[in-house]
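Student: Listed below, chain by chain, are the residues.
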Amino acid sequence: MKWPALPRPEGRQFIIGIPWFWLALFFLLPFLFVLKLSLSESTLAQPPYLDIVREFKDGLVVLAINLGNYELLLEDSLYVKALISSLEIAAFSTLLTLLLGYPMAYAIARAPRHWRLPLMMLIILPFWTSFLIRVYAWIGILKNNGLINQTLMALGLIDSPLEMLHTPFAVYVGIVYSYLPFMVLPLYATLIRLDMTLLEAAADLGCRPWKQFLTITLPLSLPGVLAGAMLVFIPVMGEFVIPDLLGGPNTLMLGKLMWTEFFSNKDWPLASALAAVLLVVLIIPFMLLRHFERRSEEAQ
Amino acid sequence: MNQARNTASDASWQAGSAEPAIRIENVTKTFGKTYAVDDVSLDIYPGEFFSLLGPSGCGKTTLLRMLAGFETPSSGRILIDGKDVTQVAPYERPINMMFQSYALFPHMTVADNIAFGLKQEGMPRSERDKRVQEMMELVQIVPFAERKPHQLSGGQRQRVALARALAKHPRILLLDEPLGALDKKLREKTQFELVNIQERLGITFIIVTHDQEEAMTMSSRIALMRDGRVEQVDPPRRLYEFPISRYAANFIGSVNLFEGVVIEQQGDEVLLQCDEAGAVLRVRDSRKMASGMPLCLAVRPEKIRLLAPGEEGPNQLTGVIREIAYLGDVSIYHLELPGGKRVQFTQSNVQALAEQPLTWDQTVTISWRPDSCGALSE
Chain A
1 MKWPALPRPE GRQFIIGIPW FWLALFFLLP FLFVLKLSLS ESTLAQPPYL DIVREFKDGL
61 VVLAINLGNY ELLLEDSLYV KALISSLEIA AFSTLLTLLL GYPMAYAIAR APRHWRLPLM
121 MLIILPFWTS FLIRVYAWIG ILKNNGLINQ TLMALGLIDS PLEMLHTPFA VYVGIVYSYL
181 PFMVLPLYAT LIRLDMTLLE AAADLGCRPW KQFLTITLPL SLPGVLAGAM LVFIPVMGEF
241 VIPDLLGGPN TLMLGKLMWT EFFSNKDWPL ASALAAVLLV VLIIPFMLLR HFERRSEEAQ
Chain B
1 MNQARNTASD ASWQAGSAEP AIRIENVTKT FGKTYAVDDV SLDIYPGEFF SLLGPSGCGK
61 TTLLRMLAGF ETPSSGRILI DGKDVTQVAP YERPINMMFQ SYALFPHMTV ADNIAFGLKQ
121 EGMPRSERDK RVQEMMELVQ IVPFAERKPH QLSGGQRQRV ALARALAKHP RILLLDEPLG
181 ALDKKLREKT QFELVNIQER LGITFIIVTH DQEEAMTMSS RIALMRDGRV EQVDPPRRLY
241 EFPISRYAAN FIGSVNLFEG VVIEQQGDEV LLQCDEAGAV LRVRDSRKMA SGMPLCLAVR
301 PEKIRLLAPG EEGPNQLTGV IREIAYLGDV SIYHLELPGG KRVQFTQSNV QALAEQPLTW
361 DQTVTISWRP DSCGALSE
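Sequence lines, in order, name chains A and B.
Just so you know, we're using the UniProt record's numbering here: the first sequence kicks off at 1 and counts up by one.
Just so you know, we're using the UniProt record's numbering here: the second sequence kicks off at 1 and counts up by one.
Just to be clear, a hint being listed does not mean it is correct.
Facing chain A, a subset of chain B residues (Cβ under 7 Å, in silico) [to be verified]: (1) M97; (2) A103; (3) Q120.
Because the hints were derived from the structure by calculation, they are not lab data.
No experiment lies behind these values; they were computed from the predicted model shown.
Think of the CB as a built atom: it goes at the ideal place given N, C-alpha and C, for glycine as much as any other residue.
All chains, please: the whole structure from these sequences, using the hints.
Tutor: So, in structure tokens, the structure goes:
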């Protein structure tokens with residue numbers, strides 16, 4: 001018997017279907033749960049919320065949708081402040097990782113070939129240790145009787161310890177340190193592909209090295225800058241561990257607030273509403289990235 | 001091939017009167033232990049279309065990159081208009097280059113690419129726009145002004161690269177394999193355009209190529225390179241007709257080489273005992289040569305004449321035709337001599353419908369004049 005050939009379009013759809021299925025199962029479905037939860041009412045019970053599906057009557061589903069959680073998010077200035085503060089911290093840390101990561105990626109991409117792999121390893125190596133342990137290590141370094149203060153005092157540079165732990169400074173140190181590789185990797189990937197003869201052509205036409213960087217290297221590495229910025233900005237927006245361990249009581253971030261609502265206040269619906277809002281806020285920069293990517297694809 | 005151009009400026013380097021636009025003085029470039037360029041000295045004069053010709057790895061591109069300033073010579077000097085520029089950065093040299101890969105800026109439009117060099121020197125906007133327009137007209141790419149490089153064909157990109165390199169009106173333009181990426185038809189057309197543009201603008205062109213036909217067609221002079229050294233510098237016609245070495249003779253066109261020993265000199269003719277040909281051959285050469293000295297006679301296939309039966313001629317050899325290649329305009333014949341040596345000669349196909357004058361295994365006699373061949377000692 002002769003088997004009919006697999007029709008190609010269907011075959012393709014099947015292949016594309018796999019990631020779609022994956023996204024649906026592990027992203028869309030959980031998100032729908034969160035969305036459903038955010039529309040329910042909190043209560044003192046186990047679990048601590050009232051399901052929005054109240055009863056089935058004559059084949060009809062009776063829903064009790066509660067928008068109160070979202071109203072609360074808008075009314076209570078705490079949440080708006082936390083959102084703004086998170087945006088600030090995420091934006092500023094993204095800028096810091098960019099300023100630090102760009103020269104690093106540039107140096108690695110321009111390093112002699114046999115140096116590139118060891119240098120990349122140095123960037124990636126910290127990943128092999130637990131994230132939590134690395135953040136805890138910063139407590140040891142930054143605290144009042146920690147490594148930095150002890151060294152500075154032993155050298156006689158300061159008399160009393162500098163207050164670093166539980167300050168915004170410590171939060172930035174922790175974030176920049178943890179997320180730097182996410183900036184360096186995509187930047188490296190774009191910079192290594194940059195055609196060096198373009199810089200020679202620019203030099204040949206009378207362009208000095210610093211201007212070559214501004215007019216050729218920087219614009220052509222913009223896709224890498226955007227990718228790196230997204231990889232830092234998005235997770236930092238929801239970051240919980242670093243502000244919790246290194247930040248002080250005044251460090252206001254959405255991730256921390258969500259944790260408090262979920263576990264301290266047992267207000268699952270409110271925490272879910274917060275999560276839904278955060279997602280929407282984060283989708284906007286992502287769509288901007290896609291827009292720029294499409295434009296740069298067209299340009300190549 | 002073999003179309004030596006005779007422009008007015010050609011005379012200057014022959015007379016040795018003009019100041020060279022570029023003087024290369026004993027330039028050597030080593031990478032580790034290899035000598036990419038080995039003690040090269042050249043004078044290139046204003047208005048020349050000068051070719052650096054050679055196989056890949058002969059050092060021609062390294063030499064060009066040193067002129068542009070992308071490489072620094074390990075030793076020696078480079079002078080532009082009498083000024084030592086050996087240590088001058090590329091962005092400060094009065095020289096522009098057209099890259100083999102074109103190196104167009106992918107994020108800029110055609111017009112912006114051409115304007116790039118003008119912006120660097122701070123030319124005012126209105127003047128700049130005018131110059132860009134002129135350049136686009138010169139290379140006929142006006143309709144593509146607002147396109148990005150990826151929206152152009154290979155030939156159009158090549159024109160943009162040329163326009164960009166010419167925009168600053170450099171006195172010297174370097175071209176690295178400028179036609180390498182084009183197909184044959186387009187390449188031939190562009191060769192003549194390049195020559196026209198060069199003559200119109202009066203710019204000194206220095207071109208790197210591995211294609212001998214390209215070098216022959218366009219150049220006023222050719223420097224043939226070999227293993228980092230300059231083998232011979234001459235106008236195309238001289239290089240073709242009077243190569244100084246076996247290497248030069250072989251690189252440009254086809255050649256038959258006869259190894260032999262000098263018997264004696266008769267006036268300005270040298271008599272050569274050639275065992276491969278089984279004959280005594282004559283070559284015109286007035287240089288003093290001791291008898292017994294090894295010498296090589298080089299004769300181009302088209303210089304060989306077919307003798308009619310009973311006809312006598314100098315350098316007369318008889319053999320059997322073993323191979324025939326019909327190329328349309330000419331046919332190439334391989335003649336096998338009694339000793340086994342093969343000689344190539346060509347015949348123009350003058351008549352379209354004529355019976356093939358020669359066939360396989362036919363025994364024929366060939367001859368060439370002593371002043372139609374050359375003597376090579378190297």
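Student: Next, verify each hint and record whether it holds.
Tutor: Going through the hints against the structure:
no.	hint	verdict
1	M97	holds, 5 Å
2	A103	holds, 4 Å
3	Q120	holds, 4 Å
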